[in-house]
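Q: Assemble chain B onto chain A, guided by the hints.
There are 2 protein chains.
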Amino acid sequence: MVERLVVIGGDAAGMSAASQARRRRPADDLEIIALERSGWVSYSACGEPYYVAGYVEPLERLVARTPEQFARMDIEVRTRCEAAAVDLDRRLVAVTDLASGGRTELGFDTLMIGTGARPIRPAIDGAHLSGVYGLHTLDDAAALRTAADRGPGNAVVVGGGYVGLEAAEAFHSRGWKVTVLTSGRAVLDRTLDPDLGAQVVEAMERMGIRVVTETRVRCINGADRVESVGCEGETHPAEVVVLGLGFRPESSLAAEAGIGLGPTGAVAVDDRQRTDAEGVWAGGDCAEAAHLLTGRPVNFHLGTVANKAGRVAGINIGGGDAHFPGVLGTAITKICDLEIASTGLRPTDAAAAGFDAAVGDAQGTTAAGYWPTAAPMTIRVTAERSGGRILGAQVVGGPGAGKRIDVFATAIWNRMTAEDLAWADLAYAPPFSGVWDLIHIAARRAAAQTT
Amino acid sequence: MVERLVVIGGDAAGMSAASQARRRRPADDLEIIALERSGWVSYSACGEPYYVAGYVEPLERLVARTPEQFARMDIEVRTRCEAAAVDLDRRLVAVTDLASGGRTELGFDTLMIGTGARPIRPAIDGAHLSGVYGLHTLDDAAALRTAADRGPGNAVVVGGGYVGLEAAEAFHSRGWKVTVLTSGRAVLDRTLDPDLGAQVVEAMERMGIRVVTETRVRCINGADRVESVGCEGETHPAEVVVLGLGFRPESSLAAEAGIGLGPTGAVAVDDRQRTDAEGVWAGGDCAEAAHLLTGRPVNFHLGTVANKAGRVAGINIGGGDAHFPGVLGTAITKICDLEIASTGLRPTDAAAAGFDAAVGDAQGTTAAGYWPTAAPMTIRVTAERSGGRILGAQVVGGPGAGKRIDVFATAIWNRMTAEDLAWADLAYAPPFSGVWDLIHIAARRAAAQTT
Numbered sequence: 001m002v003e004r005l006v007v008i009g010g011d012a013a014g015m016s017a018a019s020q021a022r023r024r025r026p027a028d029d030l031e032i033i034a035l036e037r038s039g040w041v042s043y044s045a046c047g048e049p050y051y052v053a054g055y056v057e058p059l060e061r062l063v064a065r066t067p068e069q070f071a072r073m074d075i076e077v078r079t080r081c082e083a084a085a086v087d088l089d090r091r092l093v094a095v096t097d098l099a100s101g102g103r104t105e106l107g108f109d110t111l112m113i114g115t116g117a118r119p120i121r122p123a124i125d126g127a128h129l130s131g132v133y134g135l136h137t138l139d140d141a142a143a144l145r146t147a148a149d150r151g152p153g154n155a156v157v158v159g160g161g162y163v164g165l166e167a168a169e170a171f172h173s174r175g176w177k178v179t180v181l182t183s184g185r186a187v188l189d190r191t192l193d194p195d196l197g198a199q200v201v202e203a204m205e206r207m208g209i210r211v212v213t214e215t216r217v218r219c220i221n222g223a224d225r226v227e228s229v230g231c232e233g234e235t236h237p238a239e240v241v242v243l244g245l246g247f248r249p250e251s252s253l254a255a256e257a258g259i260g261l262g263p264t265g266a267v268a269v270d271d272r273q274r275t276d277a278e279g280v281w282a283g284g285d286c287a288e289a290a291h292l293l294t295g296r297p298v299n300f301h302l303g304t305v306a307n308k309a310g311r312v313a314g315i316n317i318g319g320g321d322a323h324f325p326g327v328l329g330t331a332i333t334k335i336c337d338l339e340i341a342s343t344g345l346r347p348t349d350a351a352a353a354g355f356d357a358a359v360g361d362a363q364g365t366t367a368a369g370y371w372p373t374a375a376p377m378t379i380r381v382t383a384e385r386s387g388g389r390i391l392g393a394q395v396v397g398g399p400g401a402g403k404r405i406d407v408f409a410t411a412i413w414n415r416m417t418a419e420d421l422a423w424a425d426l427a428y429a430p431p432f433s434g435v436w437d438l439i440h441i442a443a444r445r446a447a448a449q450t451t
Numbered sequence: 452m453v454e455r456l457v458v459i460g461g462d463a464a465g466m467s468a469a470s471q472a473r474r475r476r477p478a479d480d481l482e483i484i485a486l487e488r489s490g491w492v493s494y495s496a497c498g499e500p501y502y503v504a505g506y507v508e509p510l511e512r513l514v515a516r517t518p519e520q521f522a523r524m525d526i527e528v529r530t531r532c533e534a535a536a537v538d539l540d541r542r543l544v545a546v547t548d549l550a551s552g553g554r555t556e557l558g559f560d561t562l563m564i565g566t567g568a569r570p571i572r573p574a575i576d577g578a579h580l581s582g583v584y585g586l587h588t589l590d591d592a593a594a595l596r597t598a599a600d601r602g603p604g605n606a607v608v609v610g611g612g613y614v615g616l617e618a619a620e621a622f623h624s625r626g627w628k629v630t631v632l633t634s635g636r637a638v639l640d641r642t643l644d645p646d647l648g649a650q651v652v653e654a655m656e657r658m659g660i661r662v663v664t665e666t667r668v669r670c671i672n673g674a675d676r677v678e679s680v681g682c683e684g685e686t687h688p689a690e691v692v693v694l695g696l697g698f699r700p701e702s703s704l705a706a707e708a709g710i711g712l713g714p715t716g717a718v719a720v721d722d723r724q725r726t727d728a729e730g731v732w733a734g735g736d737c738a739e740a741a742h743l744l745t746g747r748p749v750n751f752h753l754g755t756v757a758n759k760a761g762r763v764a765g766i767n768i769g770g771g772d773a774h775f776p777g778v779l780g781t782a783i784t785k786i787c788d789l790e791i792a793s794t795g796l797r798p799t800d801a802a803a804a805g806f807d808a809a810v811g812d813a814q815g816t817t818a819a820g821y822w823p824t825a826a827p828m829t830i831r832v833t834a835e836r837s838g839g840r841i842l843g844a845q846v847v848g849g850p851g852a853g854k855r856i857d858v859f860a861t862a863i864w865n866r867m868t869a870e871d872l873a874w875a876d877l878a879y880a881p882p883f884s885g886v887w888d889l890i891h892i893a894a895r896r897a898a899a900q901t902t
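Protein sequence lines, in the order shown, are assigned to chains A and B.
Residue numbers are given in my numbering: position 301 of the first sequence equals residue 301, and the series is strictly consecutive.
To get my numbering, take the position in the second sequence, counting from 1, and add 451.
Next up, chain A with everything else stripped away, as it sits in the complex (with noise of 0.2 Å):
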């Protein structure tokens, strides 16, 4: 009897699903089909920002696979259409055609869950006038580009997070005059502390775009379509308005299904991705994932672990053995000409979750400091105060900063201490780093503060 795997949502997760399982099950053995409501698969949304900044071009680039290329895999990949319901009792997804409005069950026998995130929409007026953005999916990016390509002019940005921010450099690049608004002491506070994200607000601004922290938008005006965006004391000037404020987990399908959510309002799932549904698979944006120092479930809306997760979820599915190994939130971006990352734990994170927190700080150059194109560096390290183990990092600098984050990364997944990394063996040349690389002296300095 050929078994039926039901993907919902044709993104990182649920294609990672898809391929891994259709490596160790062929057709005759597992048929599978995914829904996807928009009319794209397997697409980077990290890759948007460059799309509207003219950067990366066709859209379709963006694109790592797409259905034709799936179905010669024997995956089935349903475009355009939505998963209304899931039935566990009866093994049926309520399936709505969005093009004709047609509805249809499909059954199943294994579910995979990738709803992904949906973008936080703020609750004031104008949110939804004509001028407004999103920059989520690549309908969207198609759309925000049609309207960069329209300016240049007045574009406002709500919120200082990653794509905020990716999205401002694009308007700017694109030759608006751009303002980002956000209610945080910095930007990318959600990552940084906040005198490095200072660092970043200052590299914006040597750019020319306008940051406003510590700030409320009230409302968005405008008649038909945006004229302004109105916070505390002043008005700003926009035809168009980004929102990036951020995700939640799109966990209501499951939830109604009566699957159970974890704490953070997404999909709770084992470290092998099982949901507590029978057969039921969930990954990605939509899922919680363990971290790996606290070991508590977090809901990071991150492509790596979207497919990590899928990857695991798939490899179960086709009757391997793999575990989620937890994630630590390693992220990264460039902006202007600063490259920023982190991982693992911010002191503050750290003591949050009941670590006593060290902190190693260093300033450096991203080279030697005669080699001409050395750029400043700042790299600061968190540590258990009792053993030194690393607990995160964060690095912001100019090119050949943000990889870094690395070894960090590398270092926290083998619970190694401040100290055992001062003294790694990393590579060294003048148009790479100094001899001691900062993330020795970073790790030196955690290290002193530590027993």
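By construction, these hints were calculated from the structure, which means they are not laboratory data.
Any given hint could turn out to be false.
Under the rule of at most 20 Å between Cα atoms (straight-line distance), these lysine to any residue pairs were calculated in the SDA-like manner [said to hold, decoys possible]: (1) 334/A - 850/B; (2) 628/B - 823/B; (3) 785/B - 504/B; (4) 334/A - 823/B; (5) 177/A - 207/A; (6) 785/B - 205/A; (7) 177/A - 208/A; (8) 334/A - 237/A; (9) 334/A - 189/A; (10) 177/A - 137/A; (11) 334/A - 887/B; (12) 177/A - 55/A; (13) 334/A - 504/B; (14) 334/A - 174/A; (15) 177/A - 202/A; (16) 177/A - 194/A; (17) 785/B - 479/B; (18) 785/B - 173/A; (19) 785/B - 375/A; (20) 785/B - 398/A; (21) 334/A - 173/A; (22) 177/A - 237/A; (23) 334/A - 161/A; (24) 177/A - 161/A; (25) 334/A - 826/B; (26) 785/B - 374/A.
A: This is chain B only, laid out in the frame that chain A set:
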């Protein structure tokens, strides 16, 4: 009673030791005198090719700390002073003042030997002609720069190691016609597999540097000045010849004093940098270090090793307790548009050391595939077949490739398996990598070959 530490050799190992000893013991407890036969101390030999290229200016930029700066730390530096002999019984160093030719004796309680390495000179006719250069000391760099300034013309580099290739690129950047001659199958053959070395050869030839592999230099021709380099079957015209044939440990002073050498011909030390003579320490290019994977003594000539060894010796001389952690030989360079790095054992090295080695190879790009400046990158991982522990890695690729080696160095440091690294939470954004970094993919492929 004030004790006296005499440091022989004023570069990385010696001056690191001096600095660390001084931090722990004030001048009224420990007098520190460093002897250096050149006019320079504490300089970056790795930066010299970039001075020759005219990219770094002036020569003094390569000096990390001057004798005057050391004097302010109560460390006396005597430049142009050569240690001619060490009498361990009488605790005396015979010192030749190279300016005056005068000979004096200097007593010591504690001795730190950091005599470095000496370049290998070929035993062929003409190797001492005018126009034939090495590239080791700052004086070498100054002489080679003067020669480069007289050009352009024809430059021949003998040797395909780091120094040779960096010198070749320097002359090429100054408009010279450059030929590299090497006996190896490719270049960088001590750290790269031949097929990866061939990628470097290709990059150099694309840029207009000629590379002749598997050749032997028979003679250097010329009456007064060099005119050409004779190889099997071909003679290469040359106004400048740069010899880059590697280095031997400068351990003769120690050997003549009766201090024990190890199997590599370098000074034998324990993990606190002690030699077999009471109160005599050594480190850097003249000394051995334990390989972290094989446990065997090796003699790598790397600034990173010298600085660590000197630091360990200095902490211990200062009354602390530091241990050299072992070495992987992690190294990196930039040749033309390629970044090249390696750590640990290549498959052949691993086999020679008695490991049953599995190999994982991955070709990809330095950034997301759709990123306009994404450049090709190759990563090769060596792993132990049984158990999957990572033993080494090689990376060759465009900007951003090289420092990825630090992830492998950190992984090996922690005895991480390839399978474990294949799941690690590394950073992703389109300017930096695919959602699975090529590190993951290479590690996964290595893991697939292990049991």
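Q: Each of the hints needs a verdict: does it hold here or not?
A: Here is what the structure says about each hint:
no.: 1; hint: 334/A - 850/B; verdict: 15 Å, holds
no.: 2; hint: 628/B - 823/B; verdict: 32 Å, violated
no.: 3; hint: 785/B - 504/B; verdict: 14 Å, holds
no.: 4; hint: 334/A - 823/B; verdict: 15 Å, holds
no.: 5; hint: 177/A - 207/A; verdict: 11 Å, holds
no.: 6; hint: 785/B - 205/A; verdict: 33 Å, violated
no.: 7; hint: 177/A - 208/A; verdict: 8 Å, holds
no.: 8; hint: 334/A - 237/A; verdict: 27 Å, violated
no.: 9; hint: 334/A - 189/A; verdict: 15 Å, holds
no.: 10; hint: 177/A - 137/A; verdict: 24 Å, violated
no.: 11; hint: 334/A - 887/B; verdict: 18 Å, holds
no.: 12; hint: 177/A - 55/A; verdict: 18 Å, holds
no.: 13; hint: 334/A - 504/B; verdict: 31 Å, violated
no.: 14; hint: 334/A - 174/A; verdict: 17 Å, holds
no.: 15; hint: 177/A - 202/A; verdict: 16 Å, holds
no.: 16; hint: 177/A - 194/A; verdict: 25 Å, violated
no.: 17; hint: 785/B - 479/B; verdict: 46 Å, violated
no.: 18; hint: 785/B - 173/A; verdict: 30 Å, violated
no.: 19; hint: 785/B - 375/A; verdict: 18 Å, holds
no.: 20; hint: 785/B - 398/A; verdict: 18 Å, holds
no.: 21; hint: 334/A - 173/A; verdict: 14 Å, holds
no.: 22; hint: 177/A - 237/A; verdict: 10 Å, holds
no.: 23; hint: 334/A - 161/A; verdict: 12 Å, holds
no.: 24; hint: 177/A - 161/A; verdict: 19 Å, holds
no.: 25; hint: 334/A - 826/B; verdict: 18 Å, holds
no.: 26; hint: 785/B - 374/A; verdict: 15 Å, holds
Going down the numbered hints, you'll see the structure goes against 2, 6, 8, 10, 13, 16, 17 and 18, while the others check out.
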